[in-house]
Amino acid sequence: MKLNIDLTKKVNAFFEQSQWSLSPIKEVKRKMLERDGGEIAVATTIVRYEPNSYFSSHIHDGGEEFLVLDGEFADEHGRYPIGTYMRNPPGTSHMPSVEPGCMIFVKLGQFQEGDIQPVHIGTQQHLFVKDEARTGVAIQSLHSFKHEVVRLERWDKHSTIMLENIGGIEILIIDGDCEHDDVNYTKHDWLRLPIGERLNAKVGHTGCIVWIKTGHHLHQLNHAVSGDTL
Numbered sequence: 001m002k003l004n005i006d007l008t009k010k011v012n013a014f015f016e017q018s019q020w021s022l023s024p025i026k027e028v029k030r031k032m033l034e035r036d037g038g039e040i041a042v043a044t045t046i047v048r049y050e051p052n053s054y055f056s057s058h059i060h061d062g063g064e065e066f067l068v069l070d071g072e073f074a075d076e077h078g079r080y081p082i083g084t085y086m087r088n089p090p091g092t093s094h095m096p097s098v099e100p101g102c103m104i105f106v107k108l109g110q111f112q113e114g115d116i117q118p119v120h121i122g123t124q125q126h127l128f129v130k131d132e133a134r135t136g137v138a139i140q141s142l143h144s145f146k147h148e149v150v151r152l153e154r155w156d157k158h159s160t161i162m163l164e165n166i167g168g169i170e171i172l173i174i175d176g177d178c179e180h181d182d183v184n185y186t187k188h189d190w191l192r193l194p195i196g197e198r199l200n201a202k203v204g205h206t207g208c209i210v211w212i213k214t215g216h217h218l219h220q221l222n223h224a225v226s227g228d229t230l
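Residues 1 to 230, numbered by UniProt numbering, are exactly what the sequence shown covers, in order.
A hint or two may mislead.
[As the list claims (entries may be wrong)] The list that follows gives simulated cross-link-like pairs (lysine-lysine, PhoX-like), each with its CA atoms no further than 25 Å apart: (1) K9 / K187; (2) K202 / K10; (3) K157 / K202; (4) K130 / K157; (5) K202 / K187; (6) K29 / K187; (7) K187 / K31; (8) K31 / K10; (9) K31 / K2; (10) K26 / K2; (11) K10 / K146; (12) K202 / K9; (13) K146 / K130; (14) K187 / K10; (15) K9 / K146; (16) K130 / K187; (17) K2 / K29.
[Stated by the list, open to error] Quick list of the computed label-pair ranges, beta carbon to beta carbon: (18) N52 / S18: 23 to 29 Å; (19) Q125 / H77: 14 to 20 Å; (20) T8 / S97: 37 to 43 Å; (21) N165 / K2: 22 to 28 Å; (22) E132 / K2: 37 to 43 Å; (23) T8 / K202: 21 to 27 Å.
Hints were generated in silico from the structure; no laboratory data involved. The C-beta atom is built at its ideal place from N, Cα and C for all residues, glycine as well.
Construct the complete structure from the given sequences, taking the supplied hints into account.
Laid out in structure tokens, this is it:
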């Protein structure tokens, strides 16, 4: 399966307009955002675990990155409530066991070579810090490696948010709403901009919180990455 794999094109996906698709585990459903491969794939996906869901033990050869959007994710290593940001480097394994149910935003097989640092951040317990270089923006840093930077950003209501794009920009709306190129984005909508296309977002009356990654298209365009299953 090949879905939105051309990184030279702008793509988006709207949570409320898309349908859940089945996974190999009947209690686990997916909204695929980008995917290159079958059940073993390089992928970006929103995944929903129903209550009392179980996923067999598996190794993430290409690494796994996820953010808990709702509920509580769990595996044999711990429990991860809403707002938890995780990075499990290539070669790590786990066996999800989700009693209350949850929804996660997950990226598989997209780690740079040498990026081996595990990350576990409870974002709801951390403060946003004002970005002195950008008006109306506060940030919470999550991870950086070489040119790749991952963070949460909080955008003030009625602000215009601009960001130059030298290595790709990817955004998931966590809360609130904004507009880019006359298209409105709300909770759990996804936007990916190709290198060179500047972000120019107009924020709505409630403000907006986004998960944002920049710089990662540079290595994705130049290097093959390993796929994983989910």
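Violated constraints from the hint list, given by number and in increasing order:
Violated: none.
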